[in-house]
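J.: The primary structure of each chain is shown beneath.
Protein chains: 2
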Amino acid sequence: MLTAHTIKIIQSLDKKKYRQKYNLFLVEGNKIIKELPNSDYEITELYSTDPDTLNLENSKVHKIQPAELKKISFLQTPKDSIAVCRIPKEEKIIETSIQIILDGIQDPGNLGTIIRLADWFGIEQIICSNDTVDVYNPKVIQATMGSFLRVNVVYTNLESYLTNYKYPVFGTDMDGKNIYKTEFPAKFSIIFGNEGNGIRPSTEELISQMITIPRFGKNMSTESLNVSMSAGIILGQIFSNK
Amino acid sequence: MLTAHTIKIIQSLDKKKYRQKYNLFLVEGNKIIKELPNSDYEITELYSTDPDTLNLENSKVHKIQPAELKKISFLQTPKDSIAVCRIPKEEKIIETSIQIILDGIQDPGNLGTIIRLADWFGIEQIICSNDTVDVYNPKVIQATMGSFLRVNVVYTNLESYLTNYKYPVFGTDMDGKNIYKTEFPAKFSIIFGNEGNGIRPSTEELISQMITIPRFGKNMSTESLNVSMSAGIILGQIFSNK
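Quick note, the sequences are listed as chains A and B, same order. Heads up, the final residue of the first sequence is numbered 242 in the UniProt record's numbering, and it's a clean run with no missing numbers. Heads up, the final residue of the second sequence is numbered 242 in the UniProt record's numbering, and it's a clean run with no missing numbers.
In isolation and in its complexed conformation, chain A is listed as follows (with noise of 0.2 Å):
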């Protein structure tokens, strides 16, 4: 049985604020959780309607009724387990040849399907500006279909870190060169900017080249793409000549 004390802790989750408080975050659904012990995150308790499927060998799953699995879940059709597990102390930046480099977006569900992105192609780093969503966020965890465990998410002061930062970097506009005209060298990295505001200025003068997927369509009502979509389409093209 869960406690009252528990499911509001559990629920508090959803933001940031208590998120760093009890540094913890949650994991949904067993297909995902049964990857953790195989990775680096520690789980700190775990909550079950049927324990015996998740068929971990830890102490510290306990079984819940559906309805208390509804009452601290953060998906709309909550699935079957729950896993509260601790965040990482530190985050390390590491070196990588291509790395992705997030300058405030805002989205969880672009968040994570960026880092899905990132898993399938192979790209261990995301940098992101402290002002971009939180990788925790229930919603990112989710999207991430269990790519967060595969992907080095790092948060810093992108200014300094540019500035710092050896290797070319790509940036993403509207009228940058054509990216089926840009050649990409073994090592750097490529920004996408915030969904309604794209890159900020301040970054931008850090960037070396700009890029932009060409629109073939005529009609100039067109959307632009969304930066998830364009990040698939833009890594597509790097890793062609991979």
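To be clear, the hints were calculated from the coordinates, so they are not data collected in a lab. This one's a predicted model, so the numbers in the text were calculated from it and none came from an experiment. There may be inaccurate statements among the hints.
All copies of an identical chain are treated as equivalent in the list; a pair is satisfied when it fits inside any one copy or across any two copies.
[Said to hold, decoys possible] Below, simulated PhoX-like cross-link-like pairs (lysine-lysine); rule was C-alpha separation at most 20 Å, straight line:
# : residue 1 : residue 2
1 : K181      : K242
2 : K139      : K16
3 : K218      : K242
4 : K218      : K187
5 : K70       : K8
6 : K63       : K8
7 : K31       : K218
8 : K79       : K63
9 : K34       : K218
For chain A, the structure is supplied; the task is to place chain B on it using the hints.
T.: Same frame as chain A, but now just chain B:
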């Protein structure tokens, strides 16, 4: 003022059955509504909280209160105006160079995103299996961001259609030919399948070549990409040589 009868009819338009009964569908938001007079779509009624902002020479515009708009909107955060439009009587298959075929896509967001991609890449037609989600579903219309105005979406029996189609047909799955090593002819169709089950066997039999986006990440747990993201990456690659 909206009558209870009008509210009831408009609310029923989220169901295909009622859209077909009344031959009507909804378009929400000034931005897209303003494009309607330049399209083949006929507006039957217009409801707006601020008709002046619409700036349309249309006698059918009714001023309504925000509370009324909320009742007839399918959006979580209703916009400014709603147009009730007539569903065109007949959909005709046109001759195109590159076209998309959808085999049982169920998610309105995926269909809307694929229509938006088609518009971006200048693809004029999407041919859907009869069981693909209805283009006039309010969630599809919204996800297209107006692109439904510029892409011909037709529903048909794919088996009969493909049997008589004379050009190459590419299909997408997890173990086809690498898209980066595939040459695309001047005229062809590309098929994307259902979110869970992919392309059905009876359609697959009529495909000339299966293609795949190679996964560069080494981890086998990585989820395959969502169908609309795959469509974006594959179209991005197809157009890299255009």
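J.: Taking 20 Å as the upper bound on the Cα-Cα distance, should K34 and K218 be classified as within, between, both, or neither?
T.: between (48 Å within a copy, 18 Å between copies)
J.: Under a CA distance limit of 20 Å, which applies to K79 and K63: within one copy, between copies, both, or neither?
T.: Within one copy only: 14 Å inside a chain, 44 Å across chains, cut-off 20 Å.
J.: Within a copy, between copies, both or neither: which one fits K70 and K8 at a CA-CA cutoff of 20 Å?
T.: Cα proximity of K70 and K8: one copy only (13 Å, versus 32 Å across).
J.: When no copy is specified for K63 and K8, does a C-alpha distance of 20 Å or less occur within a copy, between copies, both, or neither?
T.: Answer is within; shortest intra-copy Cα gap is 18 Å, inter-copy 44 Å.
J.: If the cutoff is 20 Å on CA atoms, where do K181 and K242 land: within, between, both or neither? Let me know, please.
T.: Both. Shortest intra-copy (16 Å) and inter-copy (12 Å) distances satisfy the 20 Å Cα cut-off.
J.: Between copies, within a copy, both or neither: which fits K31 and K218 at Cα up to 20 Å?
T.: between (44 Å within a copy, 18 Å between copies)
J.: Is the C-alpha distance from K218 to K187 at most 20 Å within one copy, between copies, in both cases, or in neither?
T.: Between copies only: 19 Å across chains, 35 Å inside a chain, cut-off 20 Å.
J.: With identical chains treated as interchangeable, where does the CA-CA distance between K218 and K242 reach 20 Å or less: within a copy, between copies, both, or neither?
T.: So K218 and K242 pass the 20 Å test across copies only (14 Å; inside, 31 Å).
J.: At most 20 Å between CA atoms: does that hold for K139 and K16 within a copy, between copies, both, or neither?
T.: Within one copy, since 12 Å is at most 20 Å while 30 Å is not.
Violated hints for the displayed structure: none, as all numbered hints are satisfied.
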